[in-house]
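Enquirer: Between the sequences and the hints, there should be enough to build the whole structure, so can you do that?
This is what each chain is made of:
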Amino acid sequence: MSDSAGVKDVTAEKLAEIKEAAEELSAGDRQKIVTPEYMFFEAPRERAFITGSEAAKEAIRRSNVDVAISYPITPQSETMQQVGSLWAEGYVKEYYRGEEEIGVMSAIAGSSRAGARSMTATAGPGLMRGMEVIASWPGGRIPAVLLIMCRVVNCPLAIQPDNVELAYLLNSGIILFHGENQQDFFDYTMKAFIISERPEITLPVAVAVDGFFVTHARGYVNIPSKDIKLPPRNPYAEAVPAMDNENPPARLSRDAPIQKSNFISYHVHASWQQEVWAANDRARRYINKYMGGLIEVVNPEAEIMLIASGSAVSQSREAVRQAEEEHNTKIGLIKVRSLRPFPTLELREACKNVKRIIIPEFNHMGWLHREVVTALYRHSTAEIVPGPRVFGGMSMPTEMILQTIFPEKKFSF
Amino acid sequence: MLKRYNIRMAGIGGQGVVTASHILSNGMVISGGESTLVPFFGSEKRMAPVESYVRIAIDRIYEIGEIIYPNVIMIFHPQVITHGKSYTMPFYSGLKQNGVVLINADTPINLQPDEVRELKEREARIYYLPATTMAREIGGTDLATNMAMVGAIASILGIPDMPSLEQSVRERFLGKGFVVSGGTAALDNVIEKKFAKKEQLLKSNMSVIAAAYQYANDHGWAATPQKASV
Chain A
24 MSDSAGVKDV
34 TAEKLAEIKE
44 AAEELSAGDR
54 QKIVTPEYMF
64 FEAPRERAFI
74 TGSEAAKEAI
84 RRSNVDVAIS
94 YPITPQSETM
104 QQVGSLWAEG
114 YVKEYYRGEE
124 EIGVMSAIAG
134 SSRAGARSMT
144 ATAGPGLMRG
154 MEVIASWPGG
164 RIPAVLLIMC
174 RVVNCPLAIQ
184 PDNVELAYLL
194 NSGIILFHGE
204 NQQDFFDYTM
214 KAFIISERPE
224 ITLPVAVAVD
234 GFFVTHARGY
244 VNIPSKDIKL
254 PPRNPYAEAV
264 PAMDNENPPA
274 RLSRDAPIQK
284 SNFISYHVHA
294 SWQQEVWAAN
304 DRARRYINKY
314 MGGLIEVVNP
324 EAEIMLIASG
334 SAVSQSREAV
344 RQAEEEHNTK
354 IGLIKVRSLR
364 PFPTLELREA
374 CKNVKRIIIP
384 EFNHMGWLHR
394 EVVTALYRHS
404 TAEIVPGPRV
414 FGGMSMPTEM
424 ILQTIFPEKK
434 FSF
Chain B
11 MLKRYNIRMA
21 GIGGQGVVTA
31 SHILSNGMVI
41 SGGESTLVPF
51 FGSEKRMAPV
61 ESYVRIAIDR
71 IYEIGEIIYP
81 NVIMIFHPQV
91 ITHGKSYTMP
101 FYSGLKQNGV
111 VLINADTPIN
121 LQPDEVRELK
131 EREARIYYLP
141 ATTMAREIGG
151 TDLATNMAMV
161 GAIASILGIP
171 DMPSLEQSVR
181 ERFLGKGFVV
191 SGGTAALDNV
201 IEKKFAKKEQ
211 LLKSNMSVIA
221 AAYQYANDHG
231 WAATPQKASV
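Residue numbers (the working numbering), protein chains in the order written: chain A, 24 to 436; chain B, 11 to 240.
Honestly, the hints are just simulated from the structure, not real lab data. Hints may be right or wrong, so weigh each one.
List of simulated lysine-lysine pairs, BS3-like, C-alpha gap at most 30 Å [what the hints assert, rightly or not]: (1) B:K130 with A:K432; (2) A:K353 with B:K13; (3) A:K312 with A:K249; (4) A:K55 with A:K37; (5) B:K237 with B:K13; (6) A:K378 with A:K353; (7) B:K95 with B:K106; (8) A:K55 with A:K116; (9) A:K116 with A:K37; (10) A:K353 with B:K106; (11) B:K213 with B:K237; (12) B:K130 with A:K433; (13) A:K432 with B:K13; (14) A:K432 with A:K353; (15) A:K432 with B:K106; (16) A:K353 with A:K433; (17) B:K130 with B:K95; (18) A:K375 with A:K353; (19) A:K312 with A:K55; (20) A:K433 with B:K106; (21) B:K106 with B:K237; (22) A:K433 with A:K378; (23) B:K130 with B:K106; (24) A:K433 with B:K13; (25) A:K249 with A:K116; (26) B:K237 with A:K353; (27) A:K378 with A:K432.
From chain B, some residues computed to sit far from chain A (all C-beta separations above 12 Å) [to be verified]: (28) M11; (29) R56; (30) M57; (31) P100; (32) E125; (33) E147; (34) T151; (35) W231; (36) T234; (37) K237.
C-beta: ideal position from N, C-alpha, C; glycine also.
Expert: As structure tokens, then:
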């Protein structure tokens with residue numbers, strides 16, 4: 024169709040083209056972008072009864088993820104498998120299986136530096152294998168999300184949950200959250216993307232849960248509609264801009280001539296790490312804003328306080344209930360949501376009048392105990408009990424916690 | 011009668027122990043209560059030990075993970091006891107005082123004198139249910155053994171109610187199926203091929219559950235049904 028001047032009327036053609044393109048939109052493209060605030064606090068939610076792996080999947084579906092890279096290891100495998108089906112459904116733009124964990128973690132560093140919102144997940148020995156690269160992420164200012172499903176890493180090896188592996192992450196500079204249940208896994212994962220990409224933070228965030236107890240067990244999760252998603256990453260509004268034709272890759276290792284001992288190289292390293300940890304600390308503001316604080320306190324007036332993270336919180340909640348209903352004693356509980364940054368000031372405040380602190384843990388060496396002792400040194404006169412602890416994959420019987428609370432009573436376990 | 015029951019299910023690979031735990035657990039949730047469960051298995055193969063831990067309650071549940079001190083133990087296969095095919099030995103290890111042991115066997119199992127004494131000290135109630143025989147006669151397949159176990163325990167504990175269990179079975183086989191692993195998915199296909207229509211499979215499973223529920227009622231094992239509200 025042409026008019027008298029011979030100019031083609033393209034409107035009809037264009038419309039058909041647009042219509043065709045609309046039909047090719049992926050499921051992710053059809054999701055409506057909402058603000059993090061709307062997604063986290065305002066969007067209507069429906070209650071589902073799902074596994075932790077499914078909760079992670081639903082979080083990723085709504086997180087506008089560009090790149091997901093998987094490598095199987097129990098008990099994580101189901102989670103990244105679910106993310107694979109998200110890719111098939113069109114909610115995740117790129118997805119592939121890496122060679123092994125060092126390869127996966129390296130690829131995450133690359134895709135994140137290139138500006139893509141990137142995520143992966145691993146567990147136990149897989150985390151240990153990927154650690155070489157993970158330890159370099161914070162210094163590389165890599166915004167990314169790493170999901171961790173804790174399992175035994177030490178000998179005798181097992182696939183059961185034991186969270187000693189988190190001890191290795193505490194000193195890396197990564198922001199580290201420890202979820203208690205399926206709901207936490209859903210919420211923390213979405214919030215991790217937003218916190219990770221804040222300009223003043225620009226760091227990787229790890230969201231850990233204890234394997235099987237959370238990943239393979241079902242629990243109630245309140246989730247917003249799948250028709251909405253978080254805003255995309257803006258890789259140019261970060262501490263280190265994404266690499267492209269105008270921003271060449273930064274060389275983050277020392278060049279050979281200054282590799283050896285000299286004042287400048289040490290000074291560079293010191294200031295670089297200082298900034299990584301300062302950025303880590305700046306996450307507090309957003310943890311307070313989006314996650315309700317670094318800690319949650321139950322029965323703040325109690326003289327005996329349990330301090331726990333992960334699955335140990337659930338067991339402690341049950342111990343608190345039994346202590347009140349069956350032994351007529353009110354026990355306090357502090358759930359530590361964020362391990363890095365660590366809630367030092369919050370714990371000092373919450374433990375001001377506490378006489379006895381009990382720290383149940385799902386690992387042998389008791390990393391949370393060490394953290395708490397360090398935080399409270401000269402700020403509390405409370406007796407700090409190192410334990411009770413289970414490890415190698417055992418669940419903690421609430422009787423163990425009750426026995427520590429009431430040493431004069433006899434509990435069988 | 012308790013508000014919360016901690017159940018350890020022990021059986022052998024291929025019997026649908028994990029499936030049974032999901033049906034019971036989801037039934038409890040459908041009835042308005044709470045439930046958590048954790049399966050425990052090694053390599054997925056027939057005749058290998060399998061355990062599943064289920065908490066069901068008409069009230070809030072906080073605990074998660076493996077159940078070390080159960081109030082209820084369900085033994086899906088006599089070999090768990092007679093051949094020691096179990097992660098937990100003896101089979102009643104950790105059983106709380108006044109607990110329940112439901113065993114799938116046509117006739118009582120000849121227990122060791124120590125076992126008899128220890129179970130007596132704990133004042134355990136021991137029930138023998140011919141679950142596999144019922145599954146074969148009523149459901150037409152041994153594979154419905156797990157359904158019989160679920161039906162009987164619902165009567166013994168008084169939770170969850172039968173309509174909720176039926177809804178749970180429906181969701182498991184007809185609706186938004188929950189697949190734990192590749193092994194479970196493969197077994198589902200085998201079961202489904204046995205039945206021309208999925209509706210027929212559902213009906214057959216439900217009749218086994220109902221029969222076992224009735225069997226427990228008839229033998230005076232039933233608890234007063236409780237209503238869940240969380």
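Enquirer: All the hints need checking, so say for each whether the structure fits it.
Expert: A quick look at each hint next to the structure:
Of the supplied pair hints, the one linking K130 of chain B and K432 of chain A holds, its CA atoms being roughly 25 Å apart against a limit of 30 Å. A C-alpha spacing of about 21 Å is found between K353 of chain A and K13 of chain B, which places the hinted pair at or below 30 Å, so the restraint holds. The hinted pair formed by K312 of chain A and K249 of chain A meets the criterion: a straight-line CA distance of about 23 Å does not exceed 30 Å. The suggested pairing of K55 of chain A with K37 of chain A holds, with an alpha-carbon distance near 24 Å, which does not exceed 30 Å.
Of the supplied pair hints, the one linking K237 of chain B and K13 of chain B holds, its CA atoms being roughly 10 Å apart against a limit of 30 Å. Between K378 of chain A and K353 of chain A the alpha-carbon distance is near 13 Å, which keeps this suggested pair within the 30 Å criterion. Note on K95 of chain B and K106 of chain B: the hinted pairing holds, with a Cα-Cα distance of about 22 Å set against a maximum of 30 Å. For the given pair, K55 of chain A sits about 16 Å from K116 of chain A by alpha-carbon distance, which is consistent with the 30 Å threshold.
Only pairs whose Cα atoms come within 30 Å are accepted, and K116 of chain A paired with K37 of chain A is accepted, the gap being roughly 26 Å. At roughly 25 Å between alpha-carbon atoms, K353 of chain A and K106 of chain B fall within 30 Å of each other, so this suggested pair holds. At most 30 Å may separate the alpha-carbon atoms for a hinted pair to count; K213 of chain B and K237 of chain B meet this at roughly 25 Å. Pair hint K130 of chain B plus K433 of chain A holds up; C-alpha atoms about 22 Å apart against a cutoff of 30 Å.
In summary, the hint linking K432 of chain A to K13 of chain B is supported, as the alpha carbons are separated by about 24 Å, within the 30 Å threshold. Taking the CA atoms of K432 of chain A and K353 of chain A, the gap is about 16 Å. The hint holds against a cut of 30 Å. Under the criterion of a C-alpha separation no larger than 30 Å, the hint pairing K432 of chain A with K106 of chain B is consistent with the structure, at around 17 Å. Annotation: proposed proximity of K353 of chain A to K433 of chain A holds, straight-line Cα distance about 19 Å (limit 30 Å).
With a C-alpha separation of about 23 Å, the suggested pairing of K130 of chain B with K95 of chain B holds against the 30 Å cut-off. Our distance criterion of 30 Å between C-alpha atoms is met by K375 of chain A and K353 of chain A, whose separation comes to about 17 Å. The straight-line distance between the Cα atoms of K312 of chain A and K55 of chain A is roughly 23 Å, inside the 30 Å bound, and the hint therefore holds. About 15 Å separates the Cα atoms of K433 of chain A and K106 of chain B, which keeps this hinted pair within 30 Å; it holds.
Between K106 of chain B and K237 of chain B the alpha-carbon distance is near 24 Å, which keeps this suggested pair within the 30 Å criterion. Taking the CA atoms of K433 of chain A and K378 of chain A, the gap is about 22 Å. The hint holds against a cut of 30 Å. Proposed proximity of K130 of chain B and K106 of chain B is supported: the alpha carbons are some 12 Å apart, at most 30 Å. With a CA separation close to 23 Å, the supplied pair K433 of chain A and K13 of chain B stays within the 30 Å bound.
A distance of roughly 16 Å separates the Cα atoms of K249 of chain A and K116 of chain A; the hinted pair therefore holds under the 30 Å criterion. Of the pairs offered as hints, the one joining K237 of chain B and K353 of chain A holds, with about 28 Å between alpha carbons and a cut-off of 30 Å not exceeded. Of the pairs offered as hints, the one joining K378 of chain A and K432 of chain A holds, with about 19 Å between alpha carbons and a cut-off of 30 Å not exceeded. Separation of M11 of chain B from chain A is adequate, the least Cβ-Cβ distance of about 16 Å exceeding the 12 Å criterion.
The Cβ of R56 of chain B sits about 20 Å from the closest Cβ of chain A, beyond the 12 Å cut-off, so the non-interface label holds. Distance check on M57 of chain B: its Cβ is at least 20 Å (rounded) from any Cβ of chain A, clearing the 12 Å threshold; non-interface status holds. The beta carbon of P100 of chain B sits about 16 Å from the closest Cβ of chain A, which is more than 12 Å, so the claim that it is off the interface holds. For E125 of chain B, the shortest C-beta to C-beta distance to chain A comes to about 18 Å, beyond the 12 Å cut-off, and the non-interface label holds.
No Cβ of chain A comes within 12 Å of the Cβ of E147 of chain B; the nearest lies about 33 Å off, and the non-interface call holds. With 12 Å as the threshold on Cβ separation, the claim that T151 of chain B sits away from chain A holds: the shortest Cβ distance comes to roughly 27 Å. Against the 12 Å criterion, W231 of chain B stays outside the reach of chain A, whose nearest CB is about 26 Å from its own CB. T234 of chain B, annotated as away from the interface, keeps every beta carbon of chain A farther than 12 Å; the closest lies near 22 Å.
With a closest Cβ-Cβ approach of about 19 Å to chain A, K237 of chain B is found to remain outside the 12 Å limit, as its non-interface label requires.
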